[in-house]
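Asks: Given next are the chains, with one letter for each unit.
2 protein chains.
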Amino acid sequence: MKHVLIVEDEKKLADVLIAYLNQNQFKVTHFESGSDVVDWVKTNQPNIILLDLMLPDVNGKDLCKEIRQFSMVPIIMVTAMIDEIDRLIGLELGADDYVCKPFSPKEVVARVKAVLRRSEGGLNHGEVYDAFEVNDQTYTIKLHRDRLDLTPVEFRLLKMFLQSPGRVFNRDQILNNIFEDGRIVLDRTVDTHVKNLRHKLKTASPEHDYIRSVYGIGYSFEL
Amino acid sequence: MKHVLIVEDEKKLADVLIAYLNQNQFKVTHFESGSDVVDWVKTNQPNIILLDLMLPDVNGKDLCKEIRQFSMVPIIMVTAMIDEIDRLIGLELGADDYVCKPFSPKEVVARVKAVLRRSEGGLNHGEVYDAFEVNDQTYTIKLHRDRLDLTPVEFRLLKMFLQSPGRVFNRDQILNNIFEDGRIVLDRTVDTHVKNLRHKLKTASPEHDYIRSVYGIGYSFEL
DNA sequence: GTCCAAATTATAAATTCATTATTACAGTTT
DNA sequence: AAACTGTAATAATGAATTTATAATTTGGAC
Chain A
1 MKHVLIVEDE KKLADVLIAY LNQNQFKVTH FESGSDVVDW VKTNQPNIIL LDLMLPDVNG
61 KDLCKEIRQF SMVPIIMVTA MIDEIDRLIG LELGADDYVC KPFSPKEVVA RVKAVLRRSE
121 GGLNHGEVYD AFEVNDQTYT IKLHRDRLDL TPVEFRLLKM FLQSPGRVFN RDQILNNIFE
181 DGRIVLDRTV DTHVKNLRHK LKTASPEHDY IRSVYGIGYS FEL
Chain B
1 MKHVLIVEDE KKLADVLIAY LNQNQFKVTH FESGSDVVDW VKTNQPNIIL LDLMLPDVNG
61 KDLCKEIRQF SMVPIIMVTA MIDEIDRLIG LELGADDYVC KPFSPKEVVA RVKAVLRRSE
121 GGLNHGEVYD AFEVNDQTYT IKLHRDRLDL TPVEFRLLKM FLQSPGRVFN RDQILNNIFE
181 DGRIVLDRTV DTHVKNLRHK LKTASPEHDY IRSVYGIGYS FEL
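Sequences listed follow chains A and B, in order.
Residue numbers 1 to 223, in the numbering used here, belong to the letters of the first sequence in order.
Residue numbers 1 to 223, in the numbering used here, belong to the letters of the second sequence in order.
These are calculated hints, taken from the structure and not from any lab test.
None of these values were measured; they are calculated from a predicted model.
Any given hint might turn out to be false.
Straight-line Cα separation of at most 25 Å, DMTMM-like style, residue types lysine to aspartate or glutamate; simulated pairs [as the list claims (entries may be wrong)]:
1. B:K65 with A:D149
2. A:K200 with B:D172
3. A:K65 with A:E127
4. A:K159 with B:D39
5. B:K113 with A:E133
6. B:K61 with A:D62
7. A:K113 with B:D172
8. B:K42 with A:D62
9. A:K159 with B:E32
10. B:K113 with A:E180
11. A:K113 with A:E180
12. B:K61 with A:D136
13. A:K142 with B:D209
14. B:K159 with A:E66
15. B:K65 with A:D15
16. A:K200 with B:E222
17. B:K42 with A:D209
18. B:K202 with A:E180
19. A:K159 with B:E66
20. B:K159 with B:D172
21. A:K113 with B:E66
22. B:K42 with A:E66
23. A:K142 with B:D130
24. A:K65 with A:E32
25. B:K65 with A:E32
26. B:K65 with A:E180
27. B:K42 with A:D136
28. A:K113 with A:D149
29. B:K42 with B:D136
30. B:K12 with B:E32
31. A:K159 with A:E66
32. B:K195 with A:D149
33. A:K159 with B:E222
34. A:K142 with B:D136
35. B:K42 with A:E32
36. B:K65 with A:E207
37. A:K142 with B:E32
38. A:K113 with A:E127
39. B:K42 with A:E133
40. B:K65 with B:D39
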């Protein structure tokens, strides 16, 4: 569960935010002033900080800078009606985003999620289907974390299967899916590629029989 | 020199931005529609993208998502007077910031700089990737503290690989990355440079096989 | 149900085709 | 001159397809 630290002196505002964040499965800690924040962050390491620029005791910008001295934790600035320059300075300080008051709590929650997603670098280079993981960037497919060593044709074949598990493809459909250009090859070619793919799948996962032959029609992939 | 891609159909607006960015030492490429953007980004890898949400042909949001499938390149959404929901969706899509029209070019330049600083400030302090250390000042790369004696082409090639370990580049992409100018050379040239680089890497670290040939596609670098 | 023939699929080996590695050399640049 | 880059030619490797043969499935006849 992600942990959000809110540093905000307006109690009402903070309470609304806390309610919304809690409803979105965030754990929230709230400070009404900035004095103890640095120490707390050092020991508790929240996943993200919502930081009000206008605090009673310390200056929000300085606090942001100070936190940046020792942590890359994402920080979203919360601030009342600032002019353009201030916005930019906020970002120059090393903040990751900002929201202006008045804001809707929904907006803030969305920003928090967006910044978290960004900072986690959770980049989806492909898709996950059950135990399979297709990565177009690296041209690899993993089965249970092990990389299958596939040829280009096998890669495209398996990817096609994974995208439509359970569907029965006839050989023409398979060939059309695998070759962008409309080259013509024999049906037996499909059999051979299926055989080779089966072999590689079996060595990676001996107990499982993924590719089903459908007599008179073609093949289907059963996850 | 940082390379900015602008995807914007209002030509006047784009021209102003281009002028400002050029004045700030940015290299700029401009697309007036979204249709060819994805392919271009794949081969040219800009440092940041300014993306208009309202394009004549494709939907800006979809384009953003599509780019996020294969690249972490920072994206700033540019958009006319959107309501709150649209903003949020923009960020949920994986965009890094947004600006609303009408905007001042100065603001945009500042945002670009801020986002670039942010996205670079992340993990790789300076330019250390695993056992490799890239120094742009001296045009050298160290492996395990030993300086590799690389030619300019080899330097850019290795740097490109290091910036996207695991990613499979085809030969066009490699050539576009290595030569800023659009000169055209043969695919076989890539093979030769890869061979030479492999040799130098091997003499520096005999046990390790860094560059993987991906049959039918190209090469990738495995740290 | 069992048996058989026809149709279909599986497999392995052989062949063709495509891609990559390597070498040598020529044109440039420094 | 020495180093770098690009090209061309050739060798080596790897993949795709075809071919040939064996194994399996199916449906009908008994």
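Asks: Now, for every hint given, state plainly whether the structure supports it.
Replies: We went through each hint and held it up to the structure:
Distance check on the hinted pair: K65 of chain B and D149 of chain A sit about 29 Å apart at the alpha-carbon level, beyond 25 Å; violated. Note on K200 of chain A and D172 of chain B: the hinted pairing is violated, with a Cα-Cα distance of about 31 Å set against a maximum of 25 Å. Our distance criterion of 25 Å between C-alpha atoms is broken by K65 of chain A and E127 of chain A, whose separation comes to about 38 Å. Only pairs whose Cα atoms come within 25 Å are accepted, and K159 of chain A paired with D39 of chain B is accepted, the gap being roughly 21 Å.
Restraint check: the Cα-Cα separation between K113 of chain B and E133 of chain A comes to about 35 Å, which exceeds 25 Å; the hinted pair is violated. With a C-alpha separation of about 36 Å, the suggested pair K61 of chain B and D62 of chain A falls outside the 25 Å cut-off, and the hint is violated. A hinted pair counts as satisfied when its Cα atoms are at most 25 Å apart, and K113 of chain A with D172 of chain B does not qualify at roughly 37 Å. Restraint check: the Cα-Cα separation between K42 of chain B and D62 of chain A comes to about 40 Å, which exceeds 25 Å; the hinted pair is violated.
Straight-line distance between C-alpha atoms of K159 of chain A and E32 of chain B comes to about 34 Å, which puts the hinted pair past the 25 Å bound. Straight-line distance between C-alpha atoms of K113 of chain B and E180 of chain A comes to about 41 Å, which puts the hinted pair past the 25 Å bound. At most 25 Å may separate the alpha-carbon atoms for a hinted pair to count; K113 of chain A and E180 of chain A exceed this at roughly 38 Å. For the proposed pair K61 of chain B and D136 of chain A, the alpha carbon gap of about 21 Å is at most 25 Å, so the pair holds.
Taking the CA atoms of K142 of chain A and D209 of chain B, the gap is near 21 Å; set against the 25 Å cutoff, the hint holds. Distance restraint check for K159 of chain B and E66 of chain A: the Cα-Cα separation of roughly 33 Å exceeds the 25 Å cut-off, and the hinted pair is therefore not satisfied. Distance check on the hinted pair: K65 of chain B and D15 of chain A sit about 34 Å apart at the alpha-carbon level, beyond 25 Å; violated. At most 25 Å may separate the alpha-carbon atoms for a hinted pair to count; K200 of chain A and E222 of chain B meet this at roughly 22 Å.
A hinted pair counts as satisfied when its Cα atoms are at most 25 Å apart, and K42 of chain B with D209 of chain A does not qualify at roughly 36 Å. As the CA atoms of K202 of chain B and E180 of chain A are separated by approximately 38 Å, the hinted pair breaks the 25 Å bound. With a CA separation close to 18 Å, the supplied pair K159 of chain A and E66 of chain B stays within the 25 Å bound. Pair hint K159 of chain B plus D172 of chain B holds up; C-alpha atoms about 17 Å apart against a cutoff of 25 Å.
Taken as a hint, the K113 of chain A and E66 of chain B pair is honoured in the structure, with Cα atoms around 20 Å apart against an allowance of 25 Å. Simply put, K42 of chain B and E66 of chain A have alpha-carbon atoms about 38 Å apart, too far for the 25 Å limit, and the pair is violated. Restraint check for K142 of chain A and D130 of chain B: satisfied, since their Cα atoms lie roughly 23 Å apart, inside the 25 Å limit. Restraint check: the Cα-Cα separation between K65 of chain A and E32 of chain A comes to about 19 Å, which is no more than 25 Å; the hinted pair holds.
Taking the CA atoms of K65 of chain B and E32 of chain A, the gap is about 38 Å. The hint is violated against a cut of 25 Å. A hinted pair counts as satisfied when its Cα atoms are at most 25 Å apart, and K65 of chain B with E180 of chain A qualifies at roughly 24 Å. For the given pair, K42 of chain B sits about 12 Å from D136 of chain A by alpha-carbon distance, which is consistent with the 25 Å threshold. A distance of roughly 36 Å separates the Cα atoms of K113 of chain A and D149 of chain A; the hinted pair therefore is violated under the 25 Å criterion.
Taking the CA atoms of K42 of chain B and D136 of chain B, the gap is about 23 Å. The hint holds against a cut of 25 Å. Distance restraint check for K12 of chain B and E32 of chain B: the Cα-Cα separation of roughly 11 Å lies within the 25 Å cut-off, and the hinted pair is therefore satisfied. Restraint check for K159 of chain A and E66 of chain A: the C-alpha separation of about 48 Å exceeds 25 Å, so the hint is violated. Between K195 of chain B and D149 of chain A the alpha-carbon distance is near 23 Å, which keeps this suggested pair within the 25 Å criterion.
The hinted pair formed by K159 of chain A and E222 of chain B meets the criterion: a straight-line CA distance of about 23 Å does not exceed 25 Å. Proposed proximity of K142 of chain A and D136 of chain B is contradicted: the alpha carbons are some 35 Å apart, above 25 Å. Of the supplied pair hints, the one linking K42 of chain B and E32 of chain A is violated, its CA atoms being roughly 47 Å apart against a limit of 25 Å. Among the hinted pairs, K65 of chain B with E207 of chain A is inconsistent with the structure: their alpha-carbon atoms are about 37 Å apart, more than 25 Å.
Our distance criterion of 25 Å between C-alpha atoms is broken by K142 of chain A and E32 of chain B, whose separation comes to about 39 Å. For a cut-off of 25 Å, the pair hint linking K113 of chain A to E127 of chain A stands: about 21 Å separates their Cα positions. Annotation: proposed proximity of K42 of chain B to E133 of chain A holds, straight-line Cα distance about 21 Å (limit 25 Å). Between K65 of chain B and D39 of chain B the CA atoms are separated by roughly 14 Å; this keeps the pair inside 25 Å, and the hint holds.
Against the hints set out earlier in the document, violations occur for numbers 1, 2, 3, 5, 6, 7, 8, 9, 10, 11, 14, 15, 17, 18, 22, 25, 28, 31, 34, 35, 36 and 37.
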